[in-house]
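Peer 1: In order, the protein sequences belong to chains A and B.
Using the numbering used here, the letters of the first sequence correspond one by one to residues 221 to 570.
Using the numbering used here, the letters of the second sequence correspond one by one to residues -2 to 331.
These are computed hints drawn from the structure, not numbers from a lab.
Hints are supplied without guarantee of correctness; some may be wrong.
[Said to hold, decoys possible] Calculated Cβ distances over 12 Å to all of chain A for the following chain B residues: (1) H61; (2) D133; (3) L202; (4) E209; (5) G236; (6) G237; (7) K272.
[What the hints assert, rightly or not] Here are the simulated DSSO-like pairs of lysine-lysine, each with C-alpha atoms no more than 30 Å apart in a straight line: (8) B:K95 to B:K272; (9) A:K226 to A:K263; (10) B:K95 to B:K304; (11) B:K64 to B:K231; (12) A:K506 to A:K226; (13) A:K506 to A:K473; (14) A:K415 to A:K329; (15) B:K171 to A:K329; (16) B:K64 to A:K329; (17) B:K272 to A:K329; (18) A:K263 to B:K64; (19) B:K304 to B:K272.
Using N, Cα and C, we set each Cβ at its ideal position, and we do this for glycine too.
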Amino acid sequence: MTREIKYYEALREAQAQCLESDRDVVVMGLGVPGPTGVFGTTKNLVDDYGPDRVFDMPSSENAMTGMLLGASSNGMRPIMVHMRVDFAVLSMEPLVNQAAKWHYMYGGKMRAPLTVRMIIGQGWGQGPQHSQALQAWFAHIPGLKVIMPTTAHDAKGMLISAVRDDAPVISIEHRWLYGVSGAVPEEMYETPIGKARIMRPGKDVTIVAASYASLLALRAAEMLADAGIDAEVLDLRTITPLDRESIVASVRKTGRLVVADTGTAEFGISAEIVCAAVEGASESLKSAPRRIGLPSVPTPTSPALSEHFYPRAIHIAEAAAATLGTKVQLTEPATGKWHDVPDPSFTGPY
Amino acid sequence: MTPEAAIGGNARPEVEIRQELYRSMLRTRRVEEAIVDRYAEQEMRCPVHICIGQEAPPTGVSAHLQKQDHVYSAHRSHGHYLAKGGDMPAMIAEIYGKADGCAVGKGGSQHLIDLDAGFICSAPILASTISVGVGDAWAARRRGEDRVIVIYFGDGSTEEGAFHEAMNFAGVNKLPVVFVCENNLYSVHTLLEARQPENQTVRRLGPPNGMESFDGDGNDVEEVWRLAEYAVNKARNGGGPTLLEFHTYRWMEHCGPLDDTHLGYRSAEELESWKARCPVDNYRDRLIEDGSVDQAWLDSEESTLHKEIEAAFTAAQNGPFPNAEELFRHVYPE
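One chain only, chain B, in its complex shape:
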């Protein structure tokens, strides 16, 4: 069965959903741009992995998630957090190392958490959260909790042994997990060609681990939405795990706010070709064309977002740092 047949062709979401998909992608884009714009002030004193260019996968996946569903992420986590409904001001405060941060400033950008929103954790060691999410799914089913687990990771994580171990266990036990690989072609500065066999997809790794797998255009939010609908529903209905691979691309440097094409590991032409496939702008154009949105709606969204983001940054910058006593809290649970 082709992926298209399995997911019911090229059905489009309702207009309200299209608007929500665009709104969510735009929000992540604008938040990331705000970080990029201010990072040189040297007040966000932690590594940031900017997800500009990769907004579509978390948006299209989260559109099918409910509040009780759980999301696990890795280092490039901002989009996953925001799309699942993570508290944006708490994320910004966390990046500023402030007491109001979602992890009291102890985690930073690489350890976002919002349990109320179902965003469970993120961590920068490749593949490290994959097995944790699988364990969550295992525990949820054991305890009779209706919950789908989505685990995001990059192409680099699929080279880790722990990824294969976790996939195997999820496949053996038919756990309610959607594995989402955002394949952006690079692990830091190392090309996919140097790391994986030629002309292969990450998708290939699903069936050997006992699960279906699909791949799609990770810059087309509706394609993500369609594939995720199938995988999330399947998991929710007891059909077991699915591996989804989305082909996408990060625009900024691996870690930080800058263009890094001067390093030579990727070309400016390659970056430009992916920018031409911008998931946000192209979707905006499509929605204008098909009448789903108009300029007034777009202007209103931009204005609302601008105010929300400015308020979050002002609050984060003005908020207090954690007290020195906080250093010794939470080593062991009290």
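Chain A extracted, bound-state conformation:
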């Protein structure tokens, strides 16, 4: 049966069902069995599955990642959780040098079915070290898979796919998606890794996006629709392996491309997506692709500065309109006083 639940509840349900169905699944991370359960995503799992399967760890991101790598190559299917992407930076050595290459460099003899969840913070003063969206880092490493589910449905289905995948999977979750509800089946199901999804079909311009940027792209498409422009929104869902075919197919249809990403624009995933379109559909492109991402500056803490740092839906809509070369009147729906929360009901700190 399908019902409406929030994104964070979908993540929790995915982990609960993985723990229930496979004795070799464990969930580890700072605060995982704690009172708040990593923004609710692991809350009370320890009550149902016990402290030997849902547990805390020393503040040792590097070695604890290596530890789970060793466990994963010996039959376990661990899930590691970082409250922010920024903490996972301490574990780049075992992820990049070891886990990513584990299968390849030992001639196919080793497997590392490890899932690492990490959360992108935004707003409420997350600042330079609690907000980084480093999907391009991980996507740059052959051997890793990188997923960024947007909907509650995909959050559950892709996390289950990640746990069952024999490759190391990095699941990057945007904190501003946690409170978004969606239709989610109660039963266990897999959403395939490596397949993008058309969130909104359109014929005039393609907006390729991922994670929270896909929600912004949907809002941009609504603004564009009001101005008579029919935008297609392609939600990547998986960063690597990249679904080039879906990107190319959409650009062939619309002839125009805007890419929206939650990460830094320069040297980010948007460059790869534009490249995929140019390589695969250059004859269809009617105008130069554009991209929307973060400027090349560290994240500022003050809401007065972060307001200018993060792009909004209107910026995506303006870029899309620009690819058509037409002057249109775009109207941004009224926003609250503050831009540093996903909606007015959201209050800090977090």
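Based on these hints, arrange chain B on the given structure of chain A.
Peer 2: The following block gives chain B in isolation, referenced to the frame of chain A:
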């Protein structure tokens, strides 16, 4: 308690074990010498970290290991691999980049593997395999598998944060691990004195991480054997981890087949003083003296080894390279 008391004095192994210890050290020595002799042919096209001079620690430790026990290593891994029973021809083929190599030529000397022998992996980033081995121990205990994990590393690795993190976790959880530090005084060309506090041992790092630690002469295979017996048995019997530090010395350059004393970071005199403490030759002399072996036995061992090594090199040199399609295999598990 002194290490000597903890490990039961200076008990010697049975004669058969002495012979096996010598045979194992000699085999590693002769394999390494064969690599050294042929490296200038430029056909082994990967870095090699030769372990001549450091044969005793892996030999003395592995003597207590069973097939299901797992070994993790770093860059100077040949001795660890061979002593655990790693397939020698597959190692040579791997160094030659051949399809019959233990990692299909994708790893080379720095990524040896032989799962059947319980040699799990080796990697050249300092301390990187230590936490992986700790995770293996954690998983093994969780899954009820009777297994001791031995993790080898050098003195340089003990300066990495990941080493301390992994030691801490093993200590907190009393995991069945034997941490074996081969302290050869240098991290590439950098002296221990430039990297660690004066007059300290690596051994000191055991107790703060919740485990016993001992150090010993890493060129005396029987001393290694005694210390390892204690640590391996303790791990097997649920007594938790131990840190062992063995003082030893590499004879060749950090990476490659040559003497490197001309670089000036260490002296020829220092090298000669360690060569005088050769773990293989001195043990041979001791075994002749105490009647454990005779010249006929030694000659027979040398002859057998020579044939085995020549056959492995011939097979590796004549074996096929991996096909070009192999480049794209194994990025993701199928």
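Peer 1: Each of the hints needs a verdict: does it hold here or not?
Peer 2: Results of checking the hints against the structure:
With a cut of 12 Å on Cβ distances, B:H61 stays outside the contact zone with chain A, its closest approach being about 21 Å. With a closest Cβ-Cβ approach of about 4 Å to chain A, B:D133 is found to fall inside the 12 Å limit, against its non-interface label. In this structure B:L202 is separated from chain A by more than 12 Å, as the shortest Cβ-Cβ distance comes to about 14 Å. Residue placement check: B:E209 keeps its beta carbon more than 12 Å from all beta carbons of chain A (closest about 20 Å).
B:G236, annotated as away from the interface, keeps every beta carbon of chain A farther than 12 Å; the closest lies near 20 Å. The non-interface label for B:G237 is consistent with chain A: the shortest C-beta to C-beta separation is roughly 16 Å, beyond 12 Å. Once the 12 Å rule is applied to beta carbons, B:K272 is consistent with being away from chain A; the minimum gap is 34 Å. Pair hint B:K95 plus B:K272 does not hold up; C-alpha atoms about 34 Å apart against a cutoff of 30 Å.
Taking the CA atoms of A:K226 and A:K263, the gap is about 14 Å. The hint holds against a cut of 30 Å. For the given pair, B:K95 sits about 21 Å from B:K304 by alpha-carbon distance, which is consistent with the 30 Å threshold. Between B:K64 and B:K231, the direct Cα distance comes to roughly 17 Å. Compliance with the 30 Å bound is thereby established for this hinted pair. Restraint check for A:K506 and A:K226: the C-alpha separation of about 39 Å exceeds 30 Å, so the hint is violated.
The suggested pairing of A:K506 with A:K473 holds, with an alpha-carbon distance near 11 Å, which does not exceed 30 Å. In summary, the hint linking A:K415 to A:K329 is supported, as the alpha carbons are separated by about 27 Å, within the 30 Å threshold. For the hint linking B:K171 to A:K329, the alpha-carbon distance of about 29 Å falls within 30 Å, and the restraint holds. A C-alpha spacing of about 18 Å is found between B:K64 and A:K329, which places the hinted pair at or below 30 Å, so the restraint holds.
A distance of roughly 38 Å separates the Cα atoms of B:K272 and A:K329; the hinted pair therefore is violated under the 30 Å criterion. Taking the CA atoms of A:K263 and B:K64, the gap is near 41 Å; set against the 30 Å cutoff, the hint is violated. Our distance criterion of 30 Å between C-alpha atoms is met by B:K304 and B:K272, whose separation comes to about 26 Å.
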